[in-house]
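Asks: Going by the numbering used here, the sequence shown wraps up at 1197, each residue one higher than the last.
None of these hints come from the bench; they were simulated from the model.
Fair warning: there could be bad hints in the mix.
Said to hold, decoys possible - Only pairs whose alpha carbons sit at most 25 angstroms apart, straight line, appear in this in silico SDA-like list of lysine to any residue:
hint : residue 1 : residue 2
1    : LYS947    : VAL1124
2    : LYS1035   : GLY1176
3    : LYS1183   : TYR1030
4    : LYS1120   : PHE1082
5    : LYS969    : GLN923
6    : LYS1020   : GLU926
7    : LYS1020   : PHE1184
8    : LYS1144   : ARG1102
These numbers come from a predicted model, not from an experiment.
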Amino acid sequence: MLNEGQFSQLVTAIKQKRELQKINEDFVRDELLFFFQREKKVQEQLEKKFNPKSADFRQVVKEVRSKLRRVYSLFRIDEKEKNRQQLVKLLLKEKEVNPELLKKILETNASTKERIPFYATLYQKLFKITGEPKLILDLGCGINPFSVYFTGLKELEYLAYDLNEEEIGFLNRFFRFLTKTWPGFKGKAEVLNLRQFSKLKKIKNADVCFLFKFTDVLDRGKGHKVSEEVITAIPAKNIIVSFPTKTMSGKEMSFPERKWIELMCKRLGYGLQAVKFNNEIFYVLRKRNI
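Please take these sequences and the hints and turn them into a complete structure.
Replies: In structure tokens:
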């Protein structure tokens, strides 16, 4: 097995690319371990002769970077992401919430941009099923918490978790701003790797948990075991899991429904309802044991 120093060298090398520098290091380590589970021979070669200039070392760095780009950068719009910091600064200078600035911030991410036309309607439909929540968890949140203003709720505690440390910083600044302008609101954002189930179970019990377009990242195309472990570990009465209904090229999916969600809920005894929009389907999972 590679020693800690060697493993850290690989992690450092992987994160040298600018677009990957903001990813939480624990997540990079997990991805590296997952790579070695698949590529035992490469790991054995590195254990025999560890050399940062070797072909094996370069192969590991290249392939793990490639995977991270796919799962981490899937929903980001690079040219608009550069404007986010300035937009957040402008928003925080306002005396009250500026919905138009919020929309511009949400436009810097592909998934949140798609939801802008129906965010308010989405939350109305979801909360009609779950009841008005007092505490929301948002896991793998990205910049979705900037949409919290469109929930229309009077009192709310919002806890957001993601791997991007820069986005977590933006969110905490935004939450502090909301606390001043929205008397019934309090929020906090933290870095969290959802595969660390023990930490996930220690989060406060919530009325609703958002898990938007994130199970594919968790499962990596290897069945749905990890997603099920995460869903069962989440301390929330209602878990809302969403999926795209169109491909990245904009074509309609032949089978947008996710049968595995339906089968899992039936097996675990969870209630299930679906809310559909043009580009996204939202499954509301109702747990019986919380």
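Asks: State for each hint whether it applies.
Replies: Tested hints:
1. For the suggested pair LYS947 and VAL1124, the alpha carbons sit about 23 angstroms apart, so the restraint of at most 25 angstroms is met.
2. In summary, the hint linking LYS1035 to GLY1176 is supported, as the alpha carbons are separated by about 21 angstroms, within the 25 angstroms threshold.
3. The hinted pair formed by LYS1183 and TYR1030 meets the criterion: a straight-line CA distance of about 12 angstroms does not exceed 25 angstroms.
4. At roughly 23 angstroms between alpha-carbon atoms, LYS1120 and PHE1082 fall within 25 angstroms of each other, so this suggested pair holds.
5. Proposed proximity of LYS969 and GLN923 is supported: the alpha carbons are some 11 angstroms apart, at most 25 angstroms.
6. A threshold of 25 angstroms between alpha carbons decides the hint, and for LYS1020 with GLU926 the separation of about 20 angstroms falls inside it, so the pair holds.
7. Our distance criterion of 25 angstroms between C-alpha atoms is met by LYS1020 and PHE1184, whose separation comes to about 14 angstroms.
8. Under the criterion of a C-alpha separation no larger than 25 angstroms, the hint pairing LYS1144 with ARG1102 is consistent with the structure, at around 20 angstroms.
Consistency note: the structure conflicts with none of the earlier hints.
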